[in-house]
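Enquirer: Letter by letter, the chains look like this.
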Amino acid sequence: AQRVTQPEKLLSVFKGAPVELKCNYSYSGSPELFWYVQYSRQRLQLLLRHISRESIKGFTADLNKGETSFHLKKPFAQEEDSAMYYCALGRGGADGLTFGKGTHLIIQP
Amino acid sequence: EPEVTQTPSHQVTQMGQEVILRCVPISNHLYFYWYRQILGQKVEFLVSFYNNEISEKSEIFDDQFSVERPDGSNFTLKIRSTKLEDSAMYFCASRGVSRYEQYFGPGTRLTVT
Numbered sequence: 001a002q003r004v005t006q007p008e009k010l011l012s013v014f015k016g017a018p019v020e021l022k023c024n025y026s027y028s029g030s031p032e033l034f035w036y037v038q039y040s041r042q043r044l045q046l047l048l049r050h051i052s053r054e055s056i057k058g059f060t061a062d063l064n065k066g067e068t069s070f071h072l073k074k075p076f077a078q079e080e081d082s083a084m085y086y087c088a089l090g091r092g093g094a095d096g097l098t099f100g101k102g103t104h105l106i107i108q109p
Numbered sequence: 110e111p112e113v114t115q116t117p118s119h120q121v122t123q124m125g126q127e128v129i130l131r132c133v134p135i136s137n138h139l140y141f142y143w144y145r146q147i148l149g150q151k152v153e154f155l156v157s158f159y160n161n162e163i164s165e166k167s168e169i170f171d172d173q174f175s176v177e178r179p180d181g182s183n184f185t186l187k188i189r190s191t192k193l194e195d196s197a198m199y200f201c202a203s204r205g206v207s208r209y210e211q212y213f214g215p216g217t218r219l220t221v222t
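Order-wise, the sequence lines are chains A and B.
Residues in the first sequence are numbered from 1 upward in steps of one, following our numbering.
Residues in the second sequence are numbered from 110 upward in steps of one, following our numbering.
Rather than coming from a laboratory, the hints here were simulated on the basis of the structure.
Please note: incorrect hints may appear among the correct ones.
Covered by chain B, according to a simulated footprint, are these stretches of chain A (three or more residues, beta-carbon under 8 Å) [unchecked claim]:
#	stretch
1	32–43
2	46–60
3	96–102
DMTMM-like, lysine to aspartate or glutamate: derived pairs with alpha carbons at most 25 Å apart [stated by the list, open to error]:
#	chain 1	residue 1	chain 2	residue 2
4	A	Lys101	B	Asp180
5	B	Lys151	A	Asp81
6	A	Lys65	B	Glu210
7	B	Lys192	A	Asp81
8	B	Lys166	A	Glu54
9	A	Lys9	B	Glu153
10	A	Lys101	B	Glu194
11	A	Lys57	B	Glu194
12	A	Lys65	A	Glu79
13	B	Lys151	A	Asp95
14	B	Lys187	A	Glu67
15	A	Lys22	B	Glu112
Ideal Cβ placement from N, Cα and C applies to all residues, glycine included.
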């Protein structure tokens, strides 16, 4: 069975500092990986998907199949980045996503 | 930009009662999903629906749960006889054919007393 691990429940950094939110996965097939963000009292929003290799709001994430990781990075954190971040794994087709437990990111001024 | 919508935003019900949670997916999407999140826990997959039938369901999705697409726009989740442990946030999501990402609704908070 597939599994997604986000080891940090809470991550607090100062504004302007680099941020790295860790995500490791376990899946025997070829995964689709996503980062979703949930700002206070709002819906889950797609932030990044690994197949697009894009940068959104300054965030990037690279799929490392050797380390089975999909860590989310941003070189300079901003206060508006404070939110819950969820890493999710998909298996394609109609299958549901498997989520990690989420990391609460707090950016201190 | 089109969004997934869900009603109601909050539902309070007594144990043993039936509830129906409603979702309107994005109009040209063909894959539909329900997830739940118990307070303090992770988002868990319940069921996926495609081509008017269930594609996949998790262990959570037992005989007390059912889904339906009664018309061209709504997608519903019914819980026949609610239990205290059904209290959670329920999210609907939809996905298009050519893109892999799922788009989520704002959720319905279900409280079973």
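Enquirer: It remains to establish, for every hint, whether it holds in the given structure.
Expert: Hint-by-hint comparison with the structure:
Three residues within the 8 Å Cβ limit are the bar, and the stretch 32–43 of chain A against chain B gives 5, so the coverage statement holds. Taking a C-beta to C-beta cut-off of 8 Å, the stretch 46–60 of chain A contributes 3 residues in contact with chain B, enough for the three needed, and the coverage statement holds. Counting residues of the stretch 96–102 of chain A whose beta carbon lies closer than 8 Å to any beta carbon of chain B gives 7, which meets the minimum of three for the stated coverage. For the hint linking Lys101 of chain A to Asp180 of chain B, the alpha-carbon distance of about 34 Å lies beyond 25 Å, and the restraint is violated.
Distance hint between Lys151 of chain B and Asp81 of chain A is fulfilled; the C-alpha atoms sit about 20 Å from each other, no more than 25 Å. Proximity of Lys65 of chain A to Glu210 of chain B is assessed by CA-CA distance (about 20 Å); at most 25 Å being required, the pair is judged to hold. As the CA atoms of Lys192 of chain B and Asp81 of chain A are separated by approximately 37 Å, the hinted pair breaks the 25 Å bound. Under the criterion of a C-alpha separation no larger than 25 Å, the hint pairing Lys166 of chain B with Glu54 of chain A is inconsistent with the structure, at around 31 Å.
For the given pair, Lys9 of chain A sits about 17 Å from Glu153 of chain B by alpha-carbon distance, which is consistent with the 25 Å threshold. Using a Cα cut-off of 25 Å, the hinted pair Lys101 of chain A and Glu194 of chain B holds, with the two alpha carbons roughly 19 Å apart. Only pairs whose Cα atoms come within 25 Å are accepted, and Lys57 of chain A paired with Glu194 of chain B is rejected, the gap being roughly 37 Å. The suggested pairing of Lys65 of chain A with Glu79 of chain A is violated, with an alpha-carbon distance near 31 Å, which exceeds 25 Å.
Only pairs whose Cα atoms come within 25 Å are accepted, and Lys151 of chain B paired with Asp95 of chain A is accepted, the gap being roughly 18 Å. Taking the CA atoms of Lys187 of chain B and Glu67 of chain A, the gap is near 41 Å; set against the 25 Å cutoff, the hint is violated. Restraint check: the Cα-Cα separation between Lys22 of chain A and Glu112 of chain B comes to about 29 Å, which exceeds 25 Å; the hinted pair is violated.
Hint compliance for this structure: hints 4, 7, 8, 11, 12, 14, 15 are not met, and every other hint is.
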